[in-house]
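Protein chains in written order, with our numbering: chain A, 57 to 311; chain B, 50 to 330.
Mixed in with the good hints, there may be bad ones.
Partial list, computed: chain B residues near chain A (C-beta under 7 Å) [as the list claims (entries may be wrong)]:
| # | residue |
| --- | --- |
| 1 | Leu70 |
| 2 | Leu211 |
| 3 | Ala219 |
| 4 | Gly224 |
| 5 | Phe225 |
| 6 | Pro226 |
| 7 | Arg229 |
| 8 | Thr231 |
| 9 | Arg237 |
| 10 | Pro241 |
| 11 | Val244 |
If you're looking for bench data, these hints aren't it; they were derived computationally from the structure.
The beta-carbon is built from N, C-alpha and C at its ideal position, and this holds for glycine as well.
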Amino acid sequence: MVDLQAPLRAERVTALFGKKAAVKDVSLAFPANTVTAIIGPSGCGKSTFLRCLNRLHELSPAGAVEGKVLLDGTDIYDTGVNPVAIRRRIGMVFQQPNPFPTMTVYENVAAGLTVGRRVPRAELDAVVERALRGAALWDEVKDRLRANPLALSGGQQQRLCIARAIAPRPDVVLLDEPTSALDPISTQSIEELVQELKQEFTVVIVTHNMQQAARISDSTAFFYLGELVEHGDTAAIFTSPKERRTEAYVTGRFG
Amino acid sequence: MISRSARRRLFSRFMTGLTLLAALIALAPLFAIFADLVIRGASSLNLDFFIRNPAAAGQTGGGVANAIVGTLIIVGVGSAMGLPVGIGAGVYLAEYGGGRLGAVVRFLADVLNGAPSVIVGIFAWTWVVRPMGHFSALSGAIALAVLMIPMVTRTTEEMVRLVPHSLREAALALGFPRWRATARIMVRAAWPGIVTGALVAVARIAGETAPLLFTTLGNLNFKTNVMQPMQTLSLQIYVFATGPFEEWHRLAWGAALVLMALVLLVGVAARAATQKRFRNG
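With these hints in hand, go ahead and build the complete structure from the sequences.
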């Protein structure tokens, strides 16, 4: 069941807040160039699990992680692995658009590349343009690269955050309910964008919106009370789930 | 017989009026002080006032050039020592001060913030003036630095705390090391507020008199050596206003006006310096 070729694999991951386990013993593989959706009711641990994949969870108060997360075969929790280097290879987009308000649109996209090193201007221009095109935002902001990002609409801000996350060309892109703060039209443009992203990246998206998971993902994992209940092809999960709890959730009987 | 909603509207208006009244009462002393200073002080302001030192006791003429320069030097040296420490401590408390050490530092800062400034002056006298064997501008600047550190620490901490946590996470997720996320994202986002807090502190210490009485001491001559006693506007006002000569009183009013104007100038300059830098369109 566990795909050993997958560039990103979680093996028996348990995420703790102090003594309380928010994610319990989850193993899950994320194959390259696919979109994996993680669904489940509020508080089921899906966001916490996502934050284990780029070592962000350990920065939460009393946050700790057990188990392994393998990125191209290397456990990112091995002693001697620098979490900062890991996070450069795994981009993340959050629930609320969070562009850096002190930086221009351009500087936001460049932020992940310019941290701690100098990049020649011409090269940076090219990377910023490619990232903004990749986030389907270039045409809208190409004349406003020096503007305040907070002057953009919510949907544009979120696409700016996607551009910022993909500009350093990570291997994996994590999306934590990226459309929950957006209107339907912006949501649609982000969903279309996710389809584009998987051409280049391994994509993991947490969503509380089951229709969204059904529309945009290749495989779906259903979390409940911190456990991975079921994982499989998206079509199978939504039409013929093996577990009763999965069926109850996807048919809207609870959650 | 008035309806319930009409009564509520009336009550709402009445309460709004009360808050407006309170605001006016709060502002009244400010305008009164300003008006008083301008009326009594403006007449002494001439070129001599800014470029000459006080005349000998009992004689007319003279200015407060020594006090103006002294204030700038002492406040400048004090700020150069106090601001970096205060801002650094505030950033530490906001970003890394969750543990016991943070709680201790925060508590001590609050205690020090409440300490009367004359006590800080005694502290500086004990630890700087006495070992050095003489009064000096430097000891006064140290006293002012000690006074401003807890103020700046607490305002800086508040300002950094106001920056949304999500910005730090965004930076960390992009592969920023922790300290870079602090410096480039959190502190930069909080910077206008930090600068405002710092300038309030600068303005506060510019007017301090008590801690300078037995450190900087005062000086009727023009001095720029921080190892010697020096005059400041606040000390000048204290000595001249309580002195017996009409000419001194006149200079004291002028000095008060200049001190007030300096403080205002600092505030205006700060606002200009922290304006946003975006181009739109």
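We went through each hint and held it up to the structure:
no., hint, verdict
1, Leu70, "violated, 37 Å"
2, Leu211, "violated, 12 Å"
3, Ala219, "holds, 5 Å"
4, Gly224, "holds, 3 Å"
5, Phe225, "holds, 5 Å"
6, Pro226, "holds, 5 Å"
7, Arg229, "holds, 6 Å"
8, Thr231, "violated, 13 Å"
9, Arg237, "holds, 4 Å"
10, Pro241, "violated, 10 Å"
11, Val244, "violated, 13 Å"
Violated hints, listed in ascending order, are 1, 2, 8, 10, 11; each of the other numbered hints is respected by the structure.
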